[in-house]
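Asks: So you can see what is in the structure, the chains are spelled out below.
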Amino acid sequence: MKFSKRYLAIGAAFVSAAIVTGLGLAAWLVYEPPIAKIRRPSASDFDRNLVVRGEQLATVGDCIVCHTAPNGAPFAGARALPTPFGTLFSNNITPDEKTGIGTWSLAAFSRAMRQGVARDGSHLYPALPYEHFTHVSDDDLEAIYAFLMTRQPVARQAPENQLLPGLGFRPLLAGWKLLFLRQTEFQPLASESASWNRGKYLVDGLAHCGGCHTPRNLAGGEESGREFAGGVAEGWNAPALDETNPSAARWNVASLFAYLKRGSDSGHGAAGGPMGPVVEGLSRLNDADVEAIAVYIDSRMHPAPISGERAVDAEPAMDNRSAAAAAHPDADLLFDGACSGCHAPRAPMNLNGRPLLSFTTDLKADDPRNSVQALLQGIAAPGEKGAYMPSFSGTVTDRQLADLLAYARARFTDKPAWRDLEATVADIRKENAE
Amino acid sequence: MTISINVNGKDHVVEAEPDTPLLYVLRDDLELNGAKYGCGLGQCGACTVHIDGKPIFSCLTPVGLLDGRKVRTIEGLGSVEKPNIVQKAFQDEQAAQCGYCIAGMIMRAQALLDRNPSPSEEQIRVHMQPNLCRCGTHARILRAVHRASREISSATMDGGAQ
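Residue numbers (our numbering), protein chains in the order written: chain S, 888 to 1321; chain X, 5 to 166.
Calculated from the structure, these hints are not laboratory results. It is possible that part of the hints are untrue.
Distance condition first, Cα-Cα at most 30 Å in a straight line; then the derived BS3-like pairs of lysine-lysine [to be verified]:
#1 X/Lys74 to X/Lys14
#2 X/Lys14 to X/Lys86
#3 X/Lys40 to X/Lys92
#4 X/Lys74 to S/Lys1317
#5 X/Lys58 to S/Lys1317
#6 X/Lys86 to X/Lys58
All figures in this text were calculated on a predicted structure; none of them were measured in a lab.
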């Protein structure tokens, strides 16, 4: 009895010590000091060339897409970002002193970008891809800071986030970072070209391509070891950018450049869904950086040189109309009435350099999701200007849409029919409505 | 072939190929000339009508698709003598310059207001985006939608029906 009591006391002491140490460790992990406010810098405090460079870098980072509400002032935030964990609202990153980052020093800005900690010391949600921005160089962060601090200050407070119960408690994010935030500096590879290294630096860092093209685990972190294996973004598939890339026609530097810079490539298709705003941004980026991204992505898709490489133009346009029409007679009529004005061979759109349906990656993909989305949501023109693909959501029923896609797949590709198409259409339509 | 369609609550039987655009049937066979042919490619919205309450481009809608579905055109809203609230609001704001786009604009606005009688400025702008006005009366069109929204709200409060 005596002994056991004594053991109990020692045990209790150990447990208490462990709890205290644990709490202390947790507090140490969680606690980030506030960084003192500064007086808002004026535009003349920054070198003009630095601001111009910052504009290009901010374009690579696509800051404006998440940090601008629909029809809202640029960079003033308040855009709803739906996530599996609830809806976040982006912050105002104009130099407004009250609602924006007007009182943030360069040190505070750099900490937010690299460590996901706001000026006041609170942890930021990883919707801000700081696990990518951690690779951005000091010089580049300074340029982006100069660019943002010389924008028009706009007073706009973002609405409160609407997260699942408990997740509004920001100190939890320190744990997330412990698991998923690796703060490493970019290391160039001497064995690769300058353009490849520049591309890797941009892709891994500011461009945060992996944010969509790398699958995420249940905690919302990018799965380690599966970089660029393909992910999902806003209800669209973000195709794999590694050697499992599903495109039937081989991508190369020239076609990647065309797609990224102009929003579509005649051998693969047009950027749809969340990729639309990305290419809209890249259209304003200097050619050398877009080319560098293309060089690096191409190397990821083709780690080993491929012999007997097939050029896009060598692939014949496919059009099995009679067989497709025999199998799907209603869809043949539907295609004629609804689609052929743009998508029939020799329609004006094709003459404009837009891809034929037989070259469209999404129609050849194993998963029909992006084709369904293109019809349900349409494809916005870059920058919401110019010709676009209208939504057919209100025009066709689920059954008609499924029939139409089955027809298009049979007519313009040699791939096997998609299965359970009507149920898939119904599911995706329901998702879109949520 | 013979096709039956329901337009503005009335069943019609027309002779047409099933891939004929609904727009042509509305204008040529049913003499409902409100909806206009603009681009024929779903880029301008001049041909906008409703199917089952949703705004669609009738130039891209084959008439053979419409079995069992309900089409509504601007003629189904009101008449010259008795315009409905949205039509009246467009008149009051003088939203038309040449007027070619207006039937489509009204139908698109009507679809929004049927679903949400008090939309925000942002919701109106996003919703109206597919429809173009080459004369540039967009500012008046937006005012007209706001006016219609206000009038629907006050009509509802007075116990009247839209």
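Asks: Take the hints in turn and mark each one as holding or not.
Replies: Right, here's what the structure says about each hint:
1. X/Lys74 to X/Lys14: With a Cα-Cα distance of about 9 Å, the restraint between X/Lys74 and X/Lys14 holds, given a limit of 30 Å.
2. X/Lys14 to X/Lys86: At roughly 19 Å apart (the allowed maximum being 30 Å), X/Lys86 and X/Lys14 satisfy the hint.
3. X/Lys40 to X/Lys92: Holds, because 20 Å separates the two Cα atoms, which is no more than 30 Å.
4. X/Lys74 to S/Lys1317: Holds, because 22 Å separates the two Cα atoms, which is no more than 30 Å.
5. X/Lys58 to S/Lys1317: holds (16 Å)
6. X/Lys86 to X/Lys58: Judged against 30 Å, a Cα distance of about 24 Å means the pair holds.
In summary, the structure agrees with every hint in the numbered list given earlier.
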